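Sequences and hints are given; from them, build the entire structure.
Residue numbers (the working numbering), protein chains in the order written: chain A, 2 to 573; chain B, 3 to 314; chain C, 17 to 363.
For the record, the hints were derived by calculation from the structure and aren't laboratory data.
Owing to the predicted nature of the structure, the values given are computational and were not obtained by experimental measurement.
Glycine is no exception: its CB is placed at the ideal position from the N, C-alpha and C atoms.
Incorrect hints may appear among the rest.
Stated by the list, open to error - Computed list of lysine-lysine pairs in BS3-like fashion (alpha-carbon distance at most 25 Å, straight line):
| # | chain 1 | residue 1 | chain 2 | residue 2 |
| --- | --- | --- | --- | --- |
| 1 | A | 99 | A | 556 |
| 2 | A | 200 | A | 475 |
| 3 | C | 251 | A | 331 |
| 4 | A | 555 | A | 331 |
| 5 | B | 88 | A | 156 |
| 6 | B | 305 | C | 249 |
| 7 | A | 331 | C | 249 |
Stated by the list, open to error - To be clear about the criterion: a stretch of chain C counts as covered by chain A if any three or more of its residues have a C-beta under 8 Å from a C-beta of chain A, and this derived list gives those stretches:
| # | region |
| --- | --- |
| 8 | 262-269 |
| 9 | 286-293 |
Claimed, not checked - Examples of chain C residues lying across from chain B (beta carbon under 10 Å, computed):
| # | residue |
| --- | --- |
| 10 | 48 |
| 11 | 50 |
| 12 | 54 |
| 13 | 198 |
| 14 | 206 |
| 15 | 213 |
| 16 | 215 |
| 17 | 216 |
| 18 | 333 |
| 19 | 334 |
| 20 | 336 |
| 21 | 345 |
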Amino acid sequence: MSAVSQDGVVLGVRDLAVDFRVDRSAMAPAVRGISFDIPADCTVALVGESGSGKSVTALAILGLLPANASVRPGAAISYLGRDLLSMPGRELQALRGKGISMVFQEPMSSLNPVFTVGFQLCEVLTAHLGLSSSAARDRAIELLQEVGIPEPGAKIDAYPFQLSGGQQQRAMIAMAIACEPQLLIADEPTTALDVTVQKQILELLAALQKKRRMSMLFITHDLAVVGEIADAIVVMRDGQIREQGTARDIFESPRDPYTKALLACRPQLASRPIRLPVISDFLDREPARPEDVPQRSRGVKGDEEIILEARHLSKSFYSREGWFGQREFKAVRNASFSLPRGKTLGLVGESGSGKSTLGLLLVRLHEATGGEVWFEGRNLFATPRNALLEVKRRIQIVFQNPYASLNPRFTAGQILVEPMRIHGIGAGERERRRLACELLERVGLPAAGFFKYPHEFSGGQRQRIAIARCLTMKPDVLICDESVSALDVSIQAQLLNLLQELQDEYRMSYLFISHDLAVVKYMADQVLVMSEGEIVEAAGSDEIYSSPRHPYTKKLLGSMPRGWTHGAGPAA
Amino acid sequence: MTAYVLRRVLQFVPTLLGVVLLVFFLFNLVGGDPAYLLAGKISNPEQIENIRRQLGTDQPYHVQFWIFLKQIATCDFGVSWATNEKVSAIFATRLGPSLTLLVPMLLISTVLSMAAAMLVAYLRGSLTDRAIMIACTVGQSISILAYIIVFQYVLAYQLGWFPVQGWGHGFTENLLRYSALPVLVGVVVTLAPDIRLYRSFFLEEIGQDYVRTARAKGMGEARTMGVHVLRNAAIPILTNVMIQLPGLLAGAFLVERFFSIPGIGREVILAVERSDFPLIKAVTVYVAIATMVVNLATDLLYKALDPRVQLK
Amino acid sequence: MMPGAMTAGGSAAGRSPGLWSMAWQRFCGDRVGLASGVVVALYFVLALAAGLGWVAADWSRETGVSYAAPGFGASPGGAVVPGTVQAGAGAADDSGIQDPLAADLAELRQGLASLPAAAPRSATLPLGGDKWGRDVLQKTIKGMQTSVLVGLAAAFLAAFIGTLFGAQAGYFGGRTDAFFNWLYSVFTSIPYLLLILAIAAVLNQKGTATVVLILGLTGWTGIFRLVRAEYMKHKVREYVQAADAIGASDLSRMYRHILPNVSHVVLVQLSLHVVLFIKSEVILSFLGFGVGVETVSWGSMINEAQSELLNGRWWQLAAATTAMAVLVTAFSLLTDALRDALDPRLG
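Here's what the structure looks like:
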């Protein structure tokens, strides 16, 4: 039932159901009859994983659904007493950007690339408020000032590509609030941004909401982000609402097992269970209380065998500039670290910090510009080509994007058999196929998947295939380059559990690269923090989170979404 | 910017050298001895030797190549083998008619096809869109020869609306009287493929996120299409028009030939028919240079149209 | 490792659909595409039959009167008797002067007599006749054989060169790329038709093979540019990096991993170029730089038709133009359907 009373409601959604046309005969439901209210001067968070229908709901409110989508009859969306679904097109158009406005996920592509920020901002002001062009420009500068863009007088004439990601999103927000809307819809406004920028944008949105006393519908997949700003929360899954209530209710006493699972399966800074809880744990039965779960201790003693060591590793990229000059971009500067056998080295940093480049240097997908990598007492960069194949086999990598890392024209079986054939593993094709099937089962896929193509698997399953591909070669070192970042939290937990089990079983060493501090804390024994190509801090995993020394590490940790902070919530 | 242009101009040199090598290879090595072609069927060895000496083809290849390079450097390709007219003079007199024909044709067809493409892209999926698309597909499948022959026969010969062919002396007369039908044919022929291509450019832009943003801001369809989408789609369209330019100059030969317009295209056909090598060589090299200059101009235009582009 | 090795994996039945079979299913759901595919297939079968001499083998026989009108009605052996119209058949001179060519003529006459040409010429033919009374229908079929042959052969040649060069340039980059780019810029600096005409002028030697070579050797640039861009894009994709990480060789990555993923681009381009080359061949033959005089082509038919039209004899022009328009329309629609079906943007 709706968490707020009927009075003072800005937007009421009743029985909204949206179908997408798949082909001539088939329709697929995206939203299956949801109802919720957005009260005045209030932030409602719509939370769900991918495919839950949360963004479709937002587009339906604004009447911006794509042509192949249709709202089922019987639904109603009332905005201050007027039904948006039956409103004539012109009236709805006049309302968009004035009464209800929206901020999208990707600020770069959501801004028109060939017009200046000022042009796009003034356009709203002249269209809805009828301001003259000079008045609109003055107002636009004020708005840019208000959303915290430095030098608004100069930035107003900048093109979107000349702004940073955070500034682009601020410009989008300026456009959205330009006409003092009653309702601001923010669709994953911080997902594409780095954690430090995310924090700033969240603070900006929360401040604007308070100051202007508007309502906000905040759509996100991340419950932790919501805790700080939402008054009420609606949890969606598969087009249906699983649970809705005040933020306090949802965080402190969730009733729906799915909500409980969402809250529990994300790694927390405070605890490190041997195994992360996953959704099925909650749906089937009541899981063990967090306090009772056995915990894992992390760290290195210092006497472990070092399997991989990087010394003064650096990598520069060159781009042409000026007459005949070159500009050097130092992606990795003088990085040194060592990886003990059977342990996990976490590598955190924001986008552009060089963390992925560092991973690619180790598997020799990029040639380093300087430094050495020692693997079992052998300098990799001085290894002759013919001996390199054997070394290559033993250092493997799992990439970020499960949709791009498998060849779409190979079956899962072909993907697994190929490396075995290259390295002469297994006595013959028969043996290799048997090994491949075993490995598929080991990573939690049916052996029947052998004959299936990647597009028939979900993102999480594809990532399992990618892991199995590495396992065929029995590597000693596995580099996980944001390997779980593209996945929903519930799937993420399953994969983290799998990776941990495999490490325990095969005693592999991991270099775990991620932008997600909580995930790294859960997985890593030691952590490296990277910024602008440099390793700024290296320490044991527990140490670095309890007592960070470098200012950048402190800033990173300070920017982490806190989750529910108004009481003794599960996130401390 | 200056550095960029200068570097690009320097890059002309290897490309031009390649073109020169290709042309030299074709005409001096593959093409066989032009003396036989010139002397005709009935000739004696003495005459052939004479012609060879005049043409310089009795020289070793490196000397011939040197002569060719000198011709390019001085823009002096000698005289036409067929008419003994100076090659440079031929070009100077043929450029005017070609441009009189091509400029109006290009302008009209670009404006028309852009407007039509925007309309069908906006109506994508509708009956109108499908009807126009099918009409375009059929339209571009009919040979250009059929268009010319039928238009000339029906509109000029039978109905007498236009002169059947010919070229006058005054610019206005040429533009309004003699160019009218050739321009019409040119526009009709280019319209169908251009609409199809530009429609795909528009569709590409309509699918972008910023279009959704414009709608979410409350912009009307006219403004969304006419300002936001058009400004972005204009970038590939105008570059496409620019890139076509040098090809058109020589490519309009069919129209020029049918309507007896003394342009460069017709001159090329005549030269090919008469194996008039100096003329073909010259036109190939000239057009290659024009192409490179136009390509550079296209990139500069691109930079002007798209603020994201940085010239490096 | 094992360059060009065929697909690995199991041979068990009941395998799941790959991208190709899914594309095929999508294509089968496209009625327009399917219908145009059938039309194109019919043309190909007819072209093959003509090539094997099953149909239109005697297209050069003069079966009708000069400029026989299109239609079926008139019975053979009507008003017109062979030899009375055709000057070419007027060998019946009985002057007493010893003709130096008498022997030849006698032979010729014998040859003529042995031919069934003695059969009376008909006043109408299904699609009319040309100046010499040859059947326009048979000429059109024979001309189609030429066009289809030239279009397909030249397109395959261009696609092969374009793909090979594009793969090398896009994959290896650096100096290899610079070299192929130079070659590309040389060929594209000269407008396509001018280059064709220049080569035609130099070769000065007509024939189907020459036309195929001219079109193929000049037409690879567009395919090269696209394939090169695709290779540059795919080279840095994670699945190719993963192949590198497992130790797959350059050749294996180029042709076993990347090529199947860009082959849809090549296929669509191949299809587009068939259309382009058919059109180009018609223009070349029209201008007289195309196939030889002993071969019939739609281009040469249109050339003849140009003067016929002035006398109101439209059928040869109509036949050649319509036959070509139908083929090219069907091929274009087929290309569109292919592009839609092969679109790799899957979930």
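Hints and how they fare:
1. A/99 <-> A/556: With Cα atoms ~37 Å apart, residue 99 of chain A and residue 556 of chain A exceed 25 Å; violated.
2. A/200 <-> A/475: 41 Å, violated
3. C/251 <-> A/331: Between residue 251 of chain C and residue 331 of chain A the Cα gap is close to 23 Å, so the pair holds against 25 Å.
4. A/555 <-> A/331: Within the cut-off at roughly 24 Å; holds.
5. B/88 <-> A/156: 59 Å, violated
6. B/305 <-> C/249: 23 Å, holds
7. A/331 <-> C/249: 23 Å, holds
8. 262-269: It holds: at least three residues are needed, and the region 262-269 of chain C offers 3 whose Cβ sits within less than 8 Å of chain A.
9. 286-293: Violated, because only 0 residues of the region 286-293 of chain C bring their Cβ atoms closer than 8 Å to Cβ atoms of chain A.
10. 48: It holds, given that the least Cβ distance between residue 48 of chain C and chain B is near 9 Å, below 10 Å.
11. 50: Since the shortest Cβ distance to chain B is 16 Å, the answer is violated.
12. 54: 17 Å, violated
13. 198: Holds, because the Cβ-Cβ distance from residue 198 of chain C to chain B comes to roughly 6 Å (cut-off 10 Å).
14. 206: Because about 5 Å separates residue 206 of chain C from the closest Cβ in chain B, which is inside the 10 Å limit, the hint holds.
15. 213: Holds - the Cβ of residue 213 of chain C comes within 10 Å of chain B, reaching about 5 Å at its closest.
16. 215: 6 Å, holds
17. 216: 7 Å, holds
18. 333: Where the cut-off is 10 Å and the nearest Cβ of chain B is about 7 Å from residue 333 of chain C, the hint holds.
19. 334: Interface hint status for residue 334 of chain C: holds (9 Å vs cutoff 10 Å).
20. 336: Given a least distance of 8 Å, the restraint on residue 336 of chain C holds.
21. 345: 4 Å, holds
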